[in-house]
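As you go down the protein sequences, you meet chains Z and V in turn. When you line the first sequence up against our numbering, it's residues 1 to 113, in that order. When you line the second sequence up against our numbering, it's residues 1 to 113, in that order.
Since the hints were derived computationally from the structure, they do not count as laboratory data. Quick caveat: nothing in here was measured; it's all calculated off a predicted structure. Any given hint could turn out to be false.
Said to hold, decoys possible - One-sided excerpt, in silico: chain V residues whose CB lies under 7 Å from chain Z:
(1) 42
(2) 43
(3) 45
(4) 48
(5) 55
(6) 56
(7) 99
(8) 107
C-beta atoms are modelled at their ideal positions from N, C-alpha and C, and glycine is treated no differently.
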Amino acid sequence: DQQVKQNSPSLSVQEGRISILNCDYTNSMFDYFLWYKKYPAEGPTFLISISSIKDKNEDGRFTVFLNKSAKHLSLHIVPSQPGDSAVYFCAASELGSNYQLIWGAGTKLIIKP
Amino acid sequence: DAGVTQSPTHLIKTRGQHVTLRCSPISGHKSVSWYQQVLGQGPQFIFQYYEKEERGRGNFPDRFSARQFPNYSSELNVNALLLGDSALYLCASSGGTGIYGYTFGSGTRLTVV
Numbered sequence: 001d002q003q004v005k006q007n008s009p010s011l012s013v014q015e016g017r018i019s020i021l022n023c024d025y026t027n028s029m030f031d032y033f034l035w036y037k038k039y040p041a042e043g044p045t046f047l048i049s050i051s052s053i054k055d056k057n058e059d060g061r062f063t064v065f066l067n068k069s070a071k072h073l074s075l076h077i078v079p080s081q082p083g084d085s086a087v088y089f090c091a092a093s094e095l096g097s098n099y100q101l102i103w104g105a106g107t108k109l110i111i112k113p
Numbered sequence: 001d002a003g004v005t006q007s008p009t010h011l012i013k014t015r016g017q018h019v020t021l022r023c024s025p026i027s028g029h030k031s032v033s034w035y036q037q038v039l040g041q042g043p044q045f046i047f048q049y050y051e052k053e054e055r056g057r058g059n060f061p062d063r064f065s066a067r068q069f070p071n072y073s074s075e076l077n078v079n080a081l082l083l084g085d086s087a088l089y090l091c092a093s094s095g096g097t098g099i100y101g102y103t104f105g106s107g108t109r110l111t112v113v
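Same shape as in the complex, but just chain V:
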């Protein structure tokens, strides 16, 4: 069975640009959560979506947005990129809402130059 897949695995963007990160959950999982992990720190919660609705939002500026599609895949969008947005972006899927049964993808490494 395929796990949580994220694309792309790495990308480099310039300050001010926009980026879209993608996540496909495990088959049957209806919840997707996004986390940002800056080097040397633990992951920080950005969003959780369940059944295409936003269920939780972390302390991130409005430049960060996300959505979930009918097939439960998800996109994370970041506008007006800053150098500080350079991080590993992790997607986790689970069968229901909440933090139980998370399975994480390998992440997308974003570098902003």
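If we strip away everything but chain Z, and leave its shape as in the complex, we get:
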């Protein structure tokens, strides 16, 4: 039973354009969401997060949007750069159970020059 789903295994975007990565969840008890980026042979690195009391959080080129009614969040990267090519994971934490993250399967983002 996948509680966090990233339905696009891969996404290809032209350099300079917007990259939009999507994530859906089923557990209404999730109250905190995070995006991580992972390069080959490295561990995941934290990108940006959002609390369930917000619907948007921005950090430089990265913006995360949360739609609680649709149980959907998205990560926007503008403009996309070659160094953004990586696997992006969406993860969530359940209210009252903050010792673990529930992860999606990841989306591989490829930025074309």
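Since the structure of chain Z is provided, determine the placement of chain V on it from the hints.
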């Protein structure tokens, strides 16, 4: 400053054997969490330790165990290895309990043959 270090980086074991994976957290971090990432999936939570005590356990069989030492380093032990235990094992450290401020190591790639 040294990040989270994991050893070994790769190892191959035979079914039925036992394995010990090691993790050294960032200096000053008192919490260590372990995750298993099977190819094509997102990481799955195994354990969290804080101040040498287990704070959370994921849905893994008793063949998996861990401990944290006085210097906050940690070991993950897996007994009676199965082919399905082949995965990337990730260690993350943070200053406190919970899922905030995770820094991941590069992982140990375990192959069971």
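| message | When the structure is checked against the list of hints, which entries are broken? Sort them ascending. | response | none
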